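Visitor: In case you want the letters, here they are:
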Amino acid sequence: MDLSYTPEQQAFRAEVRAWLEAHVPAEPLEHFDATREGFEAHREWEGTLKSGDWGMVTWPKEYGGRGLDLIEWLIFEEEYYRAGAPGRVNQNGIFLLGPTLIEFGTPEQKQRFLPPMASGEEIWAQAWSEPQAGSDLAGVRATAVRDGDDYVLNGHKIWSSRAVFADWAFGLFREPGTERHKGMSLIFFPLDAPGVTVNAIRKINGHVGFAEIFLEDVRVPAFNRLGDEGQGWHICMATAGFERGLMLRSPARYQVAAAALAGLWQDHKQDADPVLEADVVRAFMNADAYALSIYQTASRLMAGAKIGPEASTNKIFWSELDIHLHQTALSILGPKAELVVQPGEHDWLDDYIFALAGPIYAGSNEIQRNIIAERMLGLPR
Amino acid sequence: MDFTLSDEQQMFAVTARTLLGDTCTPDHWRKMMERDDNTDPERWAEIVENGFTLVLLPEEAGGMGLGELDFALIAEEAGYVALPEPLIESAGVAAPMLAALAPEHPLLADPEATIAVAHPLNPVVVDADRAAAILLERDGHAFLARADQVRLTPVETIDPLRRLFRVEWDADNAEDLGLADWDLALDRAALFAAAQGLGLAQRAVDMAVEYAKERQQFGKPIGSYQAVKHHLASAQVAIEFARPVVRAAAAEIGHRDVQARSRVSHAKIAALEAADKATRASIQVHGAMGYSWEVDAHLFLKRTLALTQSWGTPAFHRARIAARLFTQPAGPDQTFARETHAAAATREIIHA
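Same order as they appear, the protein sequences are chains A and B. 1 is the number of the first residue of the first sequence in my numbering; add one for each residue after it. 1 is the number of the first residue of the second sequence in my numbering; add one for each residue after it.
FYI, nobody ran anything at the bench for these hints, they're computed from the structure. Since this is a predicted model, take the numbers as computed values, not measurements. Every residue, glycine too, gets a C-beta built ideally from N, C-alpha and C. One should not assume that every hint holds.
Claimed, not checked - Listing some non-contacts, in silico: residues in chain B with all C-beta distances to chain A over 10 Å:
id, residue
1, 59
2, 132
3, 155
4, 166
As the list claims (entries may be wrong) - Straight-line Cα separation of at most 20 Å, SDA-like style, residue types lysine to any residue; simulated pairs:
id, chain 1, residue 1, chain 2, residue 2
5, A, 269, B, 318
6, A, 269, B, 323
7, A, 269, B, 140
8, B, 220, A, 378
9, B, 220, A, 380
10, B, 220, A, 374
Generate coordinates for the entire structure from the input sequences, incorporating the hints supplied.
Guide: Below is the structure:
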């Protein structure tokens, strides 16, 4: 155990910091889920990141990455959030599909899909859930029928984040006649392909950040299938492991928010309920605990371990700490909590509304608790 | 940056788990309670033989010269078996304090002897009557006295495997060892209480899991019901996010700065809250059985209660975290930051 950064790691942090200070836009961009303009501004930012080779630092160099290790990734993320850099519009691609492609893809697939993912030229949405397959994802009904060198896709996908403006989606499809976990494949399709209809769904914050997708005889080459036919469930679970375990939510995100909360408290404590100080301290503890846990996980993975069911504990912890942190902020703001802020001000209210989605997406916290109970603790199904 | 235990540390933890698991079983707890006692000479002999009392002593005092992280691994296993002997207080807090003040002290030459410690934050002293000596505080000085040089009054506690005493004493009748580092004693004690909390919590969950697999209601094991699963999953989440804090606190304790103190305090609060959550969930999952003396879950609940309030209450420790949060930079690049001299000076001015 050595909890200090090496001189190389410190130099790397300084390099990231200097680049971000020179490049992060002075004015915050419009949210990528709010409008097409906001989305495209974020795509442009992804291109700027790519120009400095910061698109996806952990990927191999030949696919647009820097081949860095997970501790360096954490340092990059810390500096990224510290700098207040724009949200990653391509997170479905770079954090979820990317690592899965690197593990399961053919060299040709990696060459085709990873570089434009790292540069933001192709932005990805996830197309897993269906109206009848949410928490019970094995209930997917959308089909993929093999026809020569192609698949013909049909079905109805829903709750696809970014799908309104994104270019590509990766979806779960089953061979007709198969049931549950068998017979599913993970297949990529362009969101502008003939037969694809995308309908925006308004979220409770008013944004159109997710969508339902209808597929009617959508033809894609078999090249777009990741892994073997019928291996889709296995691959999805690998993606979900990354999603819950490490990459989806950087600890830095919450450490920045906890530090801002401490500042909010200092500014308002004359007028606020004194008991709230304990919650401010609690928010700081939670964010730090999450960071320490992720450093521990990163160290273990670098020492050769694999992500297991304990990944589900992360998702519960960060989603609950996020809500607690933002509820505390709103309590400090008191009667001003409900007021919509001006552009440029810290938007505790919108961040609170966003935090409420945390226990739902990426597998509801109820499902995560089942996974912990069954696979970590060994309780019967 | 490396947040893993070394191979030696992992082996050490396994040794502690095996030794304590074999010598401090539910059967041992029951026999001790029948005797109205909290010690087992055979177990203590094995603990001593394996060097657990020498871990934190410097080599020049005949010890192993290892660190707080190594001892925290033992403390975690001590929590897992609700160890009744004062291994943690004696070998984790008192003996290293004595060694720092008087490295040649003859008491340190006897690895079987225990030393009790009366910290000003605690109104009572654990196992004071059997200790070869008691470390006492006055005006920042440490005094050493034998049990027959002080007045001990037994105090009843709800924890049936814990023996407590009030201590009255005269400085004239004790050995003045000079100014002592009572803050370090507190940091170590709080850290090892946290480590025990992890063990207490995990044992409470493990006991409940075993019961929930066996106990049938409505024709199925109760552990197959989500309401039961979710109690235990939530407790496990609390454990998983306390453990890295305890480990980091152990690794950083030697820095002695406001960040290190804050992390110890965080560890103490988080681990004992996890233990509180886990022990109460364990009793709930055991149902009426859990409320009976026959099921051992209550031992873990009671030890948790005792450790939560000793060596600094949650409010005391929260104030130390607030001191770090409100006087030092916070943010994602500050997770492992150390207090700068400038920051320390500012803090002194604020507190003066």
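Visitor: If a hint holds in the structure, say so; if it does not, say that too.
Guide: Comparing the hints with the structure gives:
no.	hint	in the structure
1	59	holds (21 Å)
2	132	holds (33 Å)
3	155	holds (30 Å)
4	166	holds (31 Å)
5	269/A / 318/B	holds (17 Å)
6	269/A / 323/B	holds (15 Å)
7	269/A / 140/B	violated (35 Å)
8	220/B / 378/A	holds (15 Å)
9	220/B / 380/A	holds (9 Å)
10	220/B / 374/A	holds (15 Å)
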